[in-house]
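Please build the complete structure, drawing on both the sequences and the hints.
Read off the chains here:
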Amino acid sequence: MSYLFDTKSGTRYLMMGNDAIVRGALEAGVGVASAYPGTPSSEIIEQLSRASRERNIYVEWSVNEKVAVEVAFAASIAGLRSICAMKQNGVNVASDFLLHVALSGTRGGMVLVHCDDPGALSSINEGESRHFARMLELPLLEPGDFQEAKDMTAWAFGLSEELRSLVMMRSVTRLSHASGNVTIGDLPPTDKKAVFRYDGPLGDPDTGPVVTMPVPKNHVLLQNKLKKARELFEKSPFNTYTGPEKPELLIITSSACNLYSLEAVRLLNAGGRVGVLKLGTTWPLPPELIKKSLSRADKILFVEEVLPFTEENVKILAAEMAAEVGIIKFYGKNDGTIPMTGEMNPDIVVDACAKILGITYSPMPADYEAAAQEMLKTLSPVRDLTFCPGCPHRASFWNIHNALAIDNRHGFTCGDIGCYTLGFLPCGFNTMKTSHSMGSGIGIASGFGKLKQFGMDQPIVTVCGDSTFFHAAIPALVNAVHNKSDVIFILLDNSGTAMTGFQPHPGTPLDATGHELPDIDPAAVCRSLGATVEYADPFDIDGTQTALLRLMEEGGARVLIMKQMCALSPAKKGKKKFEVRVDENVCIGENCGCNRFCTRIFRCPGLVWDPERGVAVVDEVICAGCGVCASICPSGAIRKTEARA
Amino acid sequence: MKVLGSNELIAAVIDAGLCTGCGACVSLCPYLKSHDGKTALLFPCTRPEGRCFAYCPKVEVDLDEASLTVFGKPYTGEPLGHYIDIKAARAGHKMKKGNFQAGGTVSAIMTYALQKKILDAAVLTGRDGLRPVPRIVTSPASVAESASSNYSAAPTVSAFNQAMKEGYKRIGVVATPCQALALAQIRSNPMKEKNFTDPTALVAGIFCTWALDYRRFRKLLEGRVDLNAIIKMDIPPPPAEKMEIFTKNGTVEIPLPEVREQVPEGCGYCFDMTAEFADLSVGVHEGRTDSNTLIIRTERGADAVNGAVRDGYLEVSDLPKENREHLAAAAGNKKRRAMEKAAGEGLVNTGSGRCAAVRLSSITVQRGGR
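Chains as they are written, first to last, in the working numbering: chain Z, 1 to 645; chain H, 646 to 1015.
Source of the hints: derived by calculation from the structure; they are not laboratory data. Treat the numbers as computed from the prediction; the structure is a model and nothing was measured. Ideal Cβ placement from N, Cα and C applies to all residues, glycine included. Any given hint could turn out to be false.
Said to hold, decoys possible - In silico lysine-lysine, DSBU-like type, Cα no more than 35 Å apart, as pairs: (1) H:Lys-683 <-> Z:Lys-452; (2) Z:Lys-484 <-> H:Lys-683; (3) H:Lys-718 <-> Z:Lys-433; (4) H:Lys-887 <-> Z:Lys-452; (5) H:Lys-718 <-> H:Lys-814; (6) H:Lys-966 <-> H:Lys-742.
Unchecked claim - Listed next, the stretches of chain H that the computed footprint assigns to chain Z, with coverage defined by at least 3 CB atoms under 8 Å from CB atoms of chain Z: (7) 673-682; (8) 691-698.
Have a look at this one:
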């Protein structure tokens, strides 16, 4: 039985961290779940959508993180428990609304799960979202293992209701995507009733209108909530201490770093010398617990990801408590004992502890990394990040790159967020020259398109995926159209949120649970703004480049929708459109006139260079049958024929 | 001549501002493309040598080699180059009245050569609005569609390369001087291909003092001329100092100094006014608007002219001595100015391995176009 539906309390499952969070939410009787997909958070809503019918939950892929929080908030003030999930930078998007939610307060338990990505394994930033808790004055939890991920989630809803405050719960990639044992609890009844009461007096948390005003009064109330949180956290079972009563060194840690710290102590066999304080409630910190902990040792090491959040918060308390806890030597990110950026791992903690304690321990030989890299060279070829075989983005960037180069006015492309972010790399022919947050491609392009008066005559192109379009690009496109900015806005429409796993978005006709919804046509949206809209099939190389060259001669905001379904889309069912092969008698290989154009420049992984015979060959196993390479071969050696059904 | 690759070509010609957009490096491979008169390298090609470099008329072209290819004798530096005869010429009674620049001599000869299968294809340069568009023409009746001057640089040789790729063996080309020089290099088989045969059957050169940068020319005319309504353009002889643009909606005059500002730098290094490496060269006939000056340079050029006259496509007459002298003086002036400019910038016979604009014999250098 799936852990989603198992009602037998006490059963143990091997669960991914995100699954544990889902189970916790189910055990808390969550009524509404909303999110915008983003690694490493996406599985939370995906799994909840599977349980939506049986557990009576409304699950929604919202247009963006801010709207996701708004949707979940509505449920909360209608008396339901709600959960909202996002990746680290989603909190930035939602932060404006969150600032006001903090002030207005909540009713039904409301939990915001934000999954950070230390090391930027699947991100283009290494944002540290914990600081938002302090900035927004919201309580923050950090589960330290998989069981806690489940238990803490379930508990967070009650905490939210007790405080009448949204509760932030932060995960990281190595918790969300790693797996561990989790013992499940009971599932509550599924009958839930939503009513929004607003006819009580202003300021009544249960029945009054829900507004942030009067601000001075509500801000005091908010601080009181944090004060109450501090008191609750003093007794929280999620703050644990492991080690001797008076260790030589105390590690203060949280989240996945707890696991690294415990492993490091074990590896060093230093259990008798090192204690580990694992904090589950990292904002606001419980001062008495901190005082007690600081009194244990003269040396304190902070192990956390990414920035020194707890380190700095504890140091403030230590300064305030200096008279009682004495002088402490602190080690962490600020003094360089632990790297300020990147992912942590047990070796980093081992290294730090060994230095502080004077233990000689080398987790691996000094030259291990270099030797391993050297050995790998003989075992596997160097592989760049690249688009999948048959990916429409390769064809799109091919067309954009070539049209810009042929146009010959140093035009360039502003990028956005999706698989196509790889467009700045050789797989995208280094076409993208800027890449920032979602929707910022058209925003930046809108700015570039107004620099004519300063002599800038380079054509400005920007690319944006269909999901990103709805998420954050529309206001910037409105800006570009309204301000008559000279930009070509290219919508790379691959019919889904491909990068995070084909979640639906407002342009697709299904909801999170597979039910039909009206799909919104991006072209109609663009036209309604007054932009000219054209379509191109990126697999039609000549047609698309001709359209682009023509558009580059025109002014104002022009929209070109490059429509072609993602090669991996479930809707394609892995079916090839073309059988592709190379006529080896026609292929001119390295000779003048080609110089391995397909395998050296176009570089679809489905094309392989055979150095012995001096010809290109098609790897039939991975070729997706898009047929684009047949269009780019200068000799006509790559032949495509309609694949048999 | 040493043949290098596209990277050297870009550095020596395009980045140095010498490119005239003739198209010699285009349609050979997928790396180089021509658009709006400009040549662009789409991706780096790592080959140490390539046809793009070998065909370019602006790398270190050895004019002796080119001259030996076309005429079997070295380059002399004479103002009008090697020639057999100079005539006045115009279209004959077999030619329908067309939108000719002057006498219709080029159209007449190309029509004749296609009609008589001397050519299996003709590479001409027509016009789409203001934009010059090279075309491969196989029907004699279609030649006149490309008549009249464009005044903008056109990648005509790219269409020639395309015609070669399509398998045409006897190609006729109407070429500006730089294009004719590119063709001379192509004909010299610089890549030492086995079983090479000269793909040209007739190169009709046209006199050229400069060709405009298409984009800049278009910008100059935008707002003044309906580009899609252009019928013909002309620069009347001095002292008019103007360009006339004939459109469906009337004639627009542009002061010549404004037009000259749109001449690309690369034309300033050109020492050839009369397309010296063509089989025959055609240009204005000073003082006449219904006739051309025709320079016959090679035997096959002479054969084409004689045949066209015989069959009524062309009429020829003697060109007054005074006209010849004026022409030689103008051509000599262009040659001298270009050589002085190129030499002053170290672009003649560098010997340093750098790709100069031109390689000349020491005698020719001494003559300096005189």
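Against the structure, the hints come out as follows:
1. H:Lys-683 <-> Z:Lys-452: Since the Cα atoms of H:Lys-683 and Z:Lys-452 sit roughly 22 Å apart, the hinted pair holds (cutoff 35 Å).
2. Z:Lys-484 <-> H:Lys-683: Cα-Cα ~28 Å, so holds.
3. H:Lys-718 <-> Z:Lys-433: Given that 35 Å is the threshold and the Cα spacing comes to 53 Å, the pair is violated.
4. H:Lys-887 <-> Z:Lys-452: 31 Å, holds
5. H:Lys-718 <-> H:Lys-814: 25 Å, holds
6. H:Lys-966 <-> H:Lys-742: 29 Å, holds
7. 673-682: Holds: 7 residues of the stretch 673-682 of chain H have a Cβ under 8 Å from chain Z.
8. 691-698: Holds, because 5 residues of the stretch 691-698 of chain H bring their Cβ atoms closer than 8 Å to Cβ atoms of chain Z.
Hint check: a violation occurs at hint 3 only; the rest are consistent with the structure.
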